[in-house]
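2 protein chains.
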Amino acid sequence: MNFMLYASQQRSNNYFFIRFIHSSLVNNQHQYFYIFISMKKLLFLLAALPIIATAQNNEDSAFIKRLSDDILANGKAYDLLYQLTKNVGGRLAGSPQFAQAVKWGKATMDGIGADKVYLQECMIPHWVRGKGDKVTITGINNRPVNIALDALALGNSLGNGKTVTADVIAVKDFAELEKRKDEIKGKIVFYNYPFNPTYVVPGRAYGESGIYRHSGASRAAKYGAVAVVIRSLTEATDNNPHTGAMQYDSVYAKIPAAALGLKDADRLWKETQSSVVKLSVTMHGKQLSDTIGYNVIAELKGSTFPDEFITVGGHLDSWDVNEGAHDDGAGVVHTIEVLRALQAAGYHPKHSIRFVLFANEENGLRGGSKYAEVAKGKNEKHIFALESDEGGFTPRGFGFGVSPAQYQKVLTWQSLLKPYGGGDFANGGGGADIGPLARTFKTPVAGLTPDNQRYFDIHHARSDVFENVNKRELLLGAVNMAALIYLVDKYGL
Amino acid sequence: MNFMLYASQQRSNNYFFIRFIHSSLVNNQHQYFYIFISMKKLLFLLAALPIIATAQNNEDSAFIKRLSDDILANGKAYDLLYQLTKNVGGRLAGSPQFAQAVKWGKATMDGIGADKVYLQECMIPHWVRGKGDKVTITGINNRPVNIALDALALGNSLGNGKTVTADVIAVKDFAELEKRKDEIKGKIVFYNYPFNPTYVVPGRAYGESGIYRHSGASRAAKYGAVAVVIRSLTEATDNNPHTGAMQYDSVYAKIPAAALGLKDADRLWKETQSSVVKLSVTMHGKQLSDTIGYNVIAELKGSTFPDEFITVGGHLDSWDVNEGAHDDGAGVVHTIEVLRALQAAGYHPKHSIRFVLFANEENGLRGGSKYAEVAKGKNEKHIFALESDEGGFTPRGFGFGVSPAQYQKVLTWQSLLKPYGGGDFANGGGGADIGPLARTFKTPVAGLTPDNQRYFDIHHARSDVFENVNKRELLLGAVNMAALIYLVDKYGL
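Respectively, the protein sequence lines represent chains A and B.
Numbered according to the numbering used here, the first sequence spans residues 1 to 493.
Numbered according to the numbering used here, the second sequence spans residues 1 to 493.
If you're looking for bench data, these hints aren't it; they were derived computationally from the structure.
Be careful, since some hints might not be right.
Identical chains share a label here; the pair holds if one copy fits it or two copies do between them.
[Unchecked claim] Pairs of lysine to any residue, SDA-like flavour, derived with a Cα cap of 20 Å:
#: 1; residue 1: K131; residue 2: K181
#: 2; residue 1: K376; residue 2: P194
#: 3; residue 1: K187; residue 2: N427
#: 4; residue 1: K172; residue 2: N192
#: 5; residue 1: K490; residue 2: Y455
#: 6; residue 1: K86; residue 2: N192
#: 7; residue 1: K131; residue 2: V251
#: 8; residue 1: K418; residue 2: G428
#: 9; residue 1: K134; residue 2: N239
#: 10; residue 1: K270; residue 2: T237
#: 11; residue 1: K490; residue 2: E373
All values derive from a computational prediction rather than experimental measurement.
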């Protein structure tokens, strides 16, 4: 639909014709639409509209201010994050810590109170890292050395405790791998693809380099490589390696795959430029049978549209080598904080709102998939879903995965969020866990977009710990999420 | 001036009249202004204007992209900050470390190269903290206790090693102090004024609470208090006390003044609500004679307007209890990075550009004052000054202290900075060190405004160290500053 108000009004018997012109042409002629309205009504409407809009705007900005004041002064997100990171810790799907996190999530949401709090069962993967992984330079030009490199097995990769020793083929990228495919057999491939520092948005560098983590092992195994190591997907100034999910192509051998910290990657690269380097890789990764996990869900029942759902969530699982503080402890406590703040404000939503701690995002996306599957089975109507899974940094705005018309509506709320830092809107966005919902129902979705300059410094690394989350930055994320949920609930989408 | 293009054009003999209507009324009639222009010229102008504007815009955005790519990939600001914070450290005016910082600044700018690098002498204050300061709760309801509180003497405060012991009068604010003025004599006043957490911009809370640090001692001494302690100006979750400048009113006794960390402030407040609390304050602060310091200045000579100056700077001094990493190590290395990047790009400025590491901001503003004084003495023309003194966090934009007409011009550059994060412009801003210049010449000024949610967590506290600065965030600040300096130099203001 693309109407333009055509600047023609004709007065006749105290009636106005307002002529709309449709931009499409039928038989090469514009289509006209007329609205007839009495002059009195028109004047009333014209006079009343700005007043209604302003009053509404004042009411909304006052309510959002109330939410913000309460969250910034009394918010529990930071204390809850402490509990989740320090008392539970890293909580990879299938681990005992993950089971503990489910209990914690349920008890915490029970404590805040909702119309119901429940667990939604779903099968989750169960990969275990094992103990004693190591990557060592054992030879330089046939001279024996023993230089330990800081390495982490990639998630889902297999090692089973065997040691693989071979010469290194160091490549910049897949193009170089293809050129040198005849050299690969029996070797260990080292992908040193850089995380481009010149991108102002570091997520773009992650997008480009992610393929080496995800598919590097099988791309090298295809030519007979016996293991791969990759340069971690980061620009951090420390030497922490960054894990994250990889996937094997079942056609090729499932060879060990590990990530190196940047200082060690630089060192290895330098050595390989002038010498034959022998590497020894010992990994213990194992894929166990799927196990039972849970989405943890709190629900506020809608007063007007109880059968229409708004979802807000983050994922409860994290990698095992850190505390999952930003990824995605922040999203978990954001979600709980939005529930707390709406309850504290005595807000009774029109639509039913679900606060979901998704079971498994990192290595399987099983939580979000189950949530969409159950919703589809019940033929539920989902009008909006919001995720926080980009860290607990100062919020900048939201990325919306919505229709153009919905985006126009969303833009009318921009000025209400701007004072809280969340006014940078982008048409495009969402979140991994709410992706299945969007694909199932074409549900409009959005993702919180915090300032992300620091995110990939700690992402999937040991340094993703509570101490690297700032209280005010974390709480401001919840402020903007609560405000957006309120607006969507009040005005629909 | 408030012209509106009036939508009336009349064609006559191939001439267009473009009628402007002035919004002011003279004798109740609108004032009209006409521009006569040949149709040919008009068409040419109309056609050429967007092309000129677009070409200019493309050239500018390409050059700014070059600056950004170079700074993000090859920038030295982070390494330089390491040197300044770790090799020099805290560098209070008058201290040996400050003298070392001057040498470092001069050598560093010499190393980068400029048309000249020189020192500008100025007298600077010389306050010394001394050693062994302590604040201890020594009695609760006449029961002797020994509870050490984490405290830091306020800058410029005097103690001379004497111990003052007295009961505490805890007040929320000056209003309560005034109400209880008859109780103050012989007591230690504790100001527990909170750093308002509900302000989205924490600088607003700093603005409100700063008066207790600055004037709290004399306001209490007026009524006979023997010492004051204040709640630190922060919302940090740790217990670090935050120092910063105070000033005595010469009419009243110069009593010791110290800041408490937040956990200890909360503890002391709680105790005083139900008990008589005796506090023992031992401070060693001394004010020595002024000494010689230097502004460190590098200069690029202007090709077109060598006698018109643009200044970019930060302050070299810091407090003594930390490394002055964000305050204002960041501003110092931002300044040097802008010089480096413009040189690396082979940029020859039209105006002369001065890169200034100001000698003393924290406890005297002597560096900026001397710079303006010398400029006035030489009758220099200063067209713009830019300061970075709000930390090395992700840049959000600039605050401009400029005329309305200049601000309109500045706004035309907003879209060029937006891709680098610096597009949030505010009409209002500047910096302490360039304040004297602005007051002397009405020089238009601006200050870099980084994301400031974390700033007051570390501001003037032990935690303002290199480890709390992020490389990308720091470099992006320099990108935006370099871009703004380029635009001002190219287009003037």
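Intra- versus inter-subunit Cα pairing at 20 Å for K172 with N192: Classified as within: same-chain Cα gap 5 Å, cross-chain 58 Å, threshold 20 Å.
Intra/inter-copy verdict for K134 and N239 if alpha-carbon distance must be at most 20 Å: within (15 Å within a copy, 39 Å between copies)
Same-copy or cross-copy closeness of K376 to P194 [CA-CA at most 20 Å]: Cα proximity of K376 and P194: none, with 42 Å in one copy and 51 Å across.
Alpha-carbon proximity context of K86 and N192, limit 20 Å: neither (34 Å within a copy, 31 Å between copies)
Alpha-carbon proximity between K131 and V251, which holds within one copy, between copies, both or neither at 20 Å: Close neither inside one copy (28 Å) nor across copies (70 Å); limit 20 Å.
Same-copy or cross-copy closeness of K270 to T237 [CA-CA at most 20 Å]: within (18 Å within a copy, 43 Å between copies)
Within, between, both or neither, where K490 and Y455 count as close if Cα-Cα is 20 Å or less: Neither way: K490 and Y455 sit 33 Å apart in one copy and 36 Å across, limit 20 Å.
Homomeric proximity label, K187 with N427: Cα distance no greater than 20 Å: The answer is neither: 45 Å in one copy and 61 Å across copies each exceed 20 Å.
Intra- versus inter-copy proximity for E373 and K490 (alpha-carbon distance at most 20 Å): Neither. Shortest intra-copy (27 Å) and inter-copy (59 Å) distances fail the 20 Å Cα cut-off.
Homo-oligomer pair classification [K181, K131; C-alpha up to 20 Å]: Result: close neither inside a copy nor across copies, 33 Å intra and 67 Å inter.
Within, between, both or neither, where K418 and G428 count as close if Cα-Cα is 20 Å or less: both (19 Å within a copy, 18 Å between copies)
Violation of the numbered hints given earlier is confined to hints 1, 2, 3, 5, 6, 7 and 11; the remaining hints are satisfied by the structure.
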